[in-house]
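Residue strings, one per chain:
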Amino acid sequence: MPETKTLMALFEDIDPAADAVDQLRLMGVGNDQMNIISGIPVAEAMLGRPRQWSNVPRLALGGAVAGMLIGLFLVIGTPSLYPVLVGNQPLIPVPPSVIVIFEMTMLGLLVSTFLGVFLDSYFPSYTPKEYVPEISDGKIAVLFTCPVDQQAQFIDAMTKLGAQSVKPAEAVKL
Amino acid sequence: MGILAKFLQRTPSEEIDDPRQHLMLDPRPRGEMNAMVMESMHTTSWKFWVVAAILSLIVMVCLLGVWGYLIAEGLGVAGVNRPSYWGIFLVNTVFWIGISHAGTFVSALLRVFKAEFRRPFTRAAELMTTFGLVQAGLSIFMHMGRVWVTYWLVPYPNERGLWPNFHSPLAWDFLAISTYLLASTMYLFQPLIPDLAMARDRSTGWRKSFYRILALGFRGTEGEWTHLRTAMNIFAFAILPVMFSVHTIVSWDFAAATRPGWSSTIFGPYFVVGALHSGVAAVAIVLVIVRSTMKNMKYFIRPEHFNAIGKLMLVISMGWAYFFFNDYLVQWYGGDKFTHILLEWHEAGPVNWIWLLMLVCNVVVPWLFLWNKKIRSNPWAIFVIGLLINVGMWCERYVIIPLSLTINRMPFTWRLYKPGVEIPLSIGTLAFFALLYMIASRLVPLVPVWEVQEGQMAHGLRKVGKAVVPSVSELE
Numbered sequence: 036m037p038e039t040k041t042l043m044a045l046f047e048d049i050d051p052a053a054d055a056v057d058q059l060r061l062m063g064v065g066n067d068q069m070n071i072i073s074g075i076p077v078a079e080a081m082l083g084r085p086r087q088w089s090n091v092p093r094l095a096l097g098g099a100v101a102g103m104l105i106g107l108f109l110v111i112g113t114p115s116l117y118p119v120l121v122g123n124q125p126l127i128p129v130p131p132s133v134i135v136i137f138e139m140t141m142l143g144l145l146v147s148t149f150l151g152v153f154l155d156s157y158f159p160s161y162t163p164k165e166y167v168p169e170i171s172d173g174k175i176a177v178l179f180t181c182p183v184d185q186q187a188q189f190i191d192a193m194t195k196l197g198a199q200s201v202k203p204a205e206a207v208k209l
Numbered sequence: 006m007g008i009l010a011k012f013l014q015r016t017p018s019e020e021i022d023d024p025r026q027h028l029m030l031d032p033r034p035r036g037e038m039n040a041m042v043m044e045s046m047h048t049t050s051w052k053f054w055v056v057a058a059i060l061s062l063i064v065m066v067c068l069l070g071v072w073g074y075l076i077a078e079g080l081g082v083a084g085v086n087r088p089s090y091w092g093i094f095l096v097n098t099v100f101w102i103g104i105s106h107a108g109t110f111v112s113a114l115l116r117v118f119k120a121e122f123r124r125p126f127t128r129a130a131e132l133m134t135t136f137g138l139v140q141a142g143l144s145i146f147m148h149m150g151r152v153w154v155t156y157w158l159v160p161y162p163n164e165r166g167l168w169p170n171f172h173s174p175l176a177w178d179f180l181a182i183s184t185y186l187l188a189s190t191m192y193l194f195q196p197l198i199p200d201l202a203m204a205r206d207r208s209t210g211w212r213k214s215f216y217r218i219l220a221l222g223f224r225g226t227e228g229e230w231t232h233l234r235t236a237m238n239i240f241a242f243a244i245l246p247v248m249f250s251v252h253t254i255v256s257w258d259f260a261a262a263t264r265p266g267w268s269s270t271i272f273g274p275y276f277v278v279g280a281l282h283s284g285v286a287a288v289a290i291v292l293v294i295v296r297s298t299m300k301n302m303k304y305f306i307r308p309e310h311f312n313a314i315g316k317l318m319l320v321i322s323m324g325w326a327y328f329f330f331n332d333y334l335v336q337w338y339g340g341d342k343f344t345h346i347l348l349e350w351h352e353a354g355p356v357n358w359i360w361l362l363m364l365v366c367n368v369v370v371p372w373l374f375l376w377n378k379k380i381r382s383n384p385w386a387i388f389v390i391g392l393l394i395n396v397g398m399w400c401e402r403y404v405i406i407p408l409s410l411t412i413n414r415m416p417f418t419w420r421l422y423k424p425g426v427e428i429p430l431s432i433g434t435l436a437f438f439a440l441l442y443m444i445a446s447r448l449v450p451l452v453p454v455w456e457v458q459e460g461q462m463a464h465g466l467r468k469v470g471k472a473v474v475p476s477v478s479e480l481e
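Protein sequences appear in the order of chains A and B. For the first sequence, the residue numbers in our numbering are 36 to 209. For the second sequence, the residue numbers in our numbering are 6 to 481.
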């Protein structure tokens with residue numbers, strides 16, 4: 036296994052960054068060995084990258100189910116645990132129960148969606164990571180791993196495609 | 006009329022045709038936009054501190070001081086008494102919940118329908134939601150009186166072996182408002198993360214630590230953007246029914262009672278439209294203030310945005326008028342004796358000016374002025390109209406709550422509601438809202454820069470025949 040190095044190529048625009056992704060693939064860098072960091076969301080299709088997987092929808096669904104179960108407990112469980120029968124009134128009236136179940140389902144859905152982002156993105160994470168502040172100024176960083184002995188070739192290829200800088204990626208305190 | 010005619014002729018036609026008047030077609034480098042937003046947060050003149058000091062003083066005296074007096078003396082110092090047990094505290098609750106609807110409406114609904122004009126002011130609107138709900142919550146506690154026994158509302162089986170009744174309309178309210186407060190705060194925070202990261206990269210000292218903690222370590226990797234966008238899309242769709250449910254449930258607090266003026270099957274949508282009416286008008290007011298008082302905001306918030314908001318205000322005003330008339334007609338036609346007396350009381354009673362002011366501000370003013378693009382595009386005209394709409398909507402809630410409670414089926418209890426400490430407390434909540442917003446404007450990037458840049462990337466000019474027209478690409 037050859038020794039590898041992580042480089043960061045910084046591009047001004049999406050087009051040269053997309054070309055860089057193609058070039059890296061031609062030079063043998065796999066999709067899992069590169070990452071794109073940008074100040075705006077760039078769709079995978081624009082850069083020719085594989086579609087990203089997100090667990091957020093599944094977590095949201097799980098949260099909705101959990102919320103609904105809590106709602107059911109509130110409207111069916113609690114009056115059944117301590118029944119107070121009032122003349123001619125149902126112990127578990129359906130229309131008000133629908134309201135409570137709806138609110139709890141939506142609460143579960145929204146809270147789990149929010150927490151899903153934290154789980155999937157490993158937030159909060161304050162450990163040093165490869166990053167440069169220019170990214171939030173609109174630059175697009177292509178982060179990739181290459182063999183140490185071919186580093187010069189990779190830097191040359193990225194520079195030819197219009198990279199403003201190609202440097203070994205440094206983990207900085209965010 | 007001479008002034009109006011002169012005003013209408015003021016804008017030269019060539020200004021209208023210049024594509025650079027649209028923010029989306031007038032792009033600037035991202036770094037420059039970041040610097041503009043950061044400068045707007047950091048530039049604080051002495052006027053800011055003077056206004057902040059005055060607002061703080063009002064909050065201390067009118068909110069904390071008077072509330073303390075209310076707690077010490079009891080609800081007797083408020084105007085609520087038989088038959089109007091619900092007074093201005095609940096008027097304010099309904100009013101502030103209505104204001105809070107604007108953030109979600111502007112942000113979520115316009116996001117779902119991909120309305121591009123929303124981009125620069127979604128955050129300013131979302132902040133209103135959170136701060137509006139804070140005032141609504143405070144007003145409920147004021148209405149409660151004995152706030153020290155609030156824990157009685159917490160759902161746990163008490164010593165009598167009973168759970169609170171979760172089928173009660175008060176439980177619906179609690180669940181709906183707390184769900185909405187949580188959801189809108191999360192919805193405010195999610196799209197803020199990339200801007201907090203931007204602020205982190207450009208700050209020093211305590212601000213750096215503040216943004217660093219709140220940015221959660223966001224860098225902008227593909228995965229982070231994917232998760233964030235997925236969540237924002239889920240939120241945009243899911244928070245809308247919650248928003249509709251909140252004001253509908255608030256309306257059911259009234260409609261579920263068999264009282265003259267309240268027992269109505271269309272109160273739900275009537276309240277929702279009313280909430281949007283006051284909320285969107287409040288967004289317009291806030292945007293005018295932000296644009297005129299904060300540095301560089303004239304680049305982000307332009308006449309085109311006031312034009313778009315003005316159209317929304319006009320359409321919503323028509324919707325409100327429709328529901329008002331629908332509600333009025335059915336009650337008037339129903340023939341119930343006490344309902345007729347109530348309607349006459351509204352229209353010709355001792356405080357009928359409130360009812361008339363409601364109609365003038367909510368219908369006459371918007372319909373008279375908002376049809377005109379030049380008026381809609383003028384920030385200060387929109388500011389005044391927005392202010393009047395909010396006065397009108399506050400009057401609407403006043404008519405529905407204490408005025409309608411005056412007339413019931415027991416004439417010997419009829420008595421006109423006269424507010425007491427409610428008035429300074431109302432001023433206090435208004436000042437608290439403004440103060441929270443002022444503080445937020447110094448700490449939170451009010452413009453979502455990444456959303457603006459994304460929009461500018463998606464927009465371009467296209468030649469169709471001999472005309473050059475704006476076009477939008479689908480980037481997602």
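These aren't lab readings, by the way, just hints derived from the structure by calculation. None of the values given here were measured: they were computed from a predicted structure. We treat Cβ as the ideally placed atom computed from N, Cα and C, and that holds for glycine. Among the hints, erroneous ones may be present.
[To be verified] Dumping the calculated DSBU-like pairs for lysine-lysine here, alpha-carbon to alpha-carbon at most 35 angstroms:
#1 Lys378/B x Lys40/A
#2 Lys208/A x Lys300/B
#3 Lys202/A x Lys468/B
#4 Lys379/B x Lys164/A
#5 Lys164/A x Lys300/B
#6 Lys423/B x Lys300/B
#7 Lys379/B x Lys208/A
#8 Lys342/B x Lys213/B
#9 Lys195/A x Lys300/B
[As the list claims (entries may be wrong)] Which stretches of chain B does chain A cover? Using the computed rule of at least three CB atoms under 8 angstroms from a CB of chain A, they are:
#10 34–44
#11 66–73
#12 185–191
#13 195–206
#14 238–246
#15 272–279
#16 416–429
**Request:** Quick one: which hint numbers does this structure break? Sort them smallest to largest.
**Result:** 1, 3, 4, 6, 7, 8, 9, 11, 15, 16
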